[in-house]
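In order, the protein sequences belong to chains A and B. Under our numbering, read the first sequence as residues 31 to 145, first letter to last. Under our numbering, read the second sequence as residues 12 to 121, first letter to last.
Hints listed in this document are in silico derivations from the structure and should not be mistaken for laboratory results. Don't take every hint at face value.
[As the list claims (entries may be wrong)] In silico BS3-like links for lysine-lysine, alpha-carbon gap of 27 Å or less:
no.: 1; chain 1: B; residue 1: Lys118; chain 2: A; residue 2: Lys87
no.: 2; chain 1: B; residue 1: Lys67; chain 2: B; residue 2: Lys81
no.: 3; chain 1: A; residue 1: Lys87; chain 2: B; residue 2: Lys67
no.: 4; chain 1: B; residue 1: Lys37; chain 2: B; residue 2: Lys67
no.: 5; chain 1: B; residue 1: Lys118; chain 2: B; residue 2: Lys67
no.: 6; chain 1: B; residue 1: Lys37; chain 2: B; residue 2: Lys108
[Stated by the list, open to error] Computed spacing ranges between beta-carbons, pair by pair:
no.: 7; chain 1: A; residue 1: Thr145; chain 2: B; residue 2: Lys118; range: 25 to 35 Å
no.: 8; chain 1: B; residue 1: Thr88; chain 2: A; residue 2: Lys48; range: 23 to 33 Å
no.: 9; chain 1: B; residue 1: Arg52; chain 2: A; residue 2: Glu86; range: 25 to 35 Å
no.: 10; chain 1: A; residue 1: Gly44; chain 2: B; residue 2: Ala121; range: 37 to 47 Å
no.: 11; chain 1: B; residue 1: His68; chain 2: A; residue 2: Gly46; range: 23 to 33 Å
no.: 12; chain 1: A; residue 1: Glu93; chain 2: B; residue 2: His68; range: 36 to 46 Å
no.: 13; chain 1: A; residue 1: Gly46; chain 2: B; residue 2: Ser69; range: 22 to 32 Å
no.: 14; chain 1: B; residue 1: Lys118; chain 2: A; residue 2: Gly44; range: 34 to 44 Å
no.: 15; chain 1: A; residue 1: Ser110; chain 2: B; residue 2: Thr75; range: 42 to 52 Å
no.: 16; chain 1: A; residue 1: Lys47; chain 2: B; residue 2: Glu28; range: 24 to 34 Å
no.: 17; chain 1: A; residue 1: Gly44; chain 2: B; residue 2: Ser79; range: 33 to 43 Å
no.: 18; chain 1: B; residue 1: Glu28; chain 2: A; residue 2: Pro113; range: 22 to 32 Å
Using N, Cα and C, we set each Cβ at its ideal position, and we do this for glycine too.
Residues per chain, in single letters:
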Amino acid sequence: EADIYQTPRYLVIGTGKKITLECSQTMGHDKMYWYQQDPGMELHLIHYSYGVNSTEKGDLSSESTVSRIRTEHFPLTLESARPSHTSQYLCASSDWQGDTSYEQYFGPGTRLTVT
Amino acid sequence: SQQGEEDPQALSIQEGENATMNCSYKTSINNLQWYRQNSGRGLVHLILIRSNEREKHSGRLRVTLDTSKKSSSLLITASRAADTASYFCAMMSGTYKYIFGTGTRLKVLA
């Protein structure tokens, strides 16, 4: 069982509100990721982090921001939610050694609906 | 998808039959991984195959990789109703990023 947690699991919020999606992992992984996934569709990388104080934008343009102040915590913030942000947001982490990558561990996801 | 295409998009089989799904990609890779996603949940890692490997087994799973054709396949033998899920391939190619395929939705009928 993966030790990676996301809160809230479900969120319905009005347009223009600021929201933060929480993600925490207890495995000590350096690498953390945020993906956006519409139902039944592929995952799109929106942000990732190599470690503390490092964040990078992913392949999908996003109006969200992230921070990585502690190894275990990687929150995602939307300053002003819009209906187009309605989606499922998945957090993941992984461990690397040298040039070898290992599996990603995923949280259960946050299903966001913006009305 | 920018990097990974999977086929079929959906597959429906009877319990006990084998299920095969395919993944094609566009760039060179370090490794390719397969994940399963139950409806509305996070993904669970199934198996990883490195670029210098051609075949790998794990229980009822068999993965092949053909780097010359830039393709991989996942075979699930003797499928069960509990195998019903979406299956995604994920490619890692020299950075810390994983690029996911479009997914195959598998339905196993009891």
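Okay, the hints, checked on the actual structure:
no.: 1; hint: Lys118/B <-> Lys87/A; verdict: violated, 35 Å
no.: 2; hint: Lys67/B <-> Lys81/B; verdict: holds, 16 Å
no.: 3; hint: Lys87/A <-> Lys67/B; verdict: violated, 33 Å
no.: 4; hint: Lys37/B <-> Lys67/B; verdict: holds, 21 Å
no.: 5; hint: Lys118/B <-> Lys67/B; verdict: holds, 24 Å
no.: 6; hint: Lys37/B <-> Lys108/B; verdict: holds, 15 Å
no.: 7; hint: Thr145/A <-> Lys118/B: 25 to 35 Å; verdict: holds, 32 Å
no.: 8; hint: Thr88/B <-> Lys48/A: 23 to 33 Å; verdict: violated, 49 Å
no.: 9; hint: Arg52/B <-> Glu86/A: 25 to 35 Å; verdict: holds, 26 Å
no.: 10; hint: Gly44/A <-> Ala121/B: 37 to 47 Å; verdict: holds, 43 Å
no.: 11; hint: His68/B <-> Gly46/A: 23 to 33 Å; verdict: violated, 52 Å
no.: 12; hint: Glu93/A <-> His68/B: 36 to 46 Å; verdict: holds, 44 Å
no.: 13; hint: Gly46/A <-> Ser69/B: 22 to 32 Å; verdict: violated, 48 Å
no.: 14; hint: Lys118/B <-> Gly44/A: 34 to 44 Å; verdict: holds, 37 Å
no.: 15; hint: Ser110/A <-> Thr75/B: 42 to 52 Å; verdict: holds, 47 Å
no.: 16; hint: Lys47/A <-> Glu28/B: 24 to 34 Å; verdict: violated, 48 Å
no.: 17; hint: Gly44/A <-> Ser79/B: 33 to 43 Å; verdict: violated, 53 Å
no.: 18; hint: Glu28/B <-> Pro113/A: 22 to 32 Å; verdict: violated, 42 Å
Checked against the numbered hints listed earlier, the structure breaks hints 1, 3, 8, 11, 13, 16, 17, 18; every other hint is satisfied.
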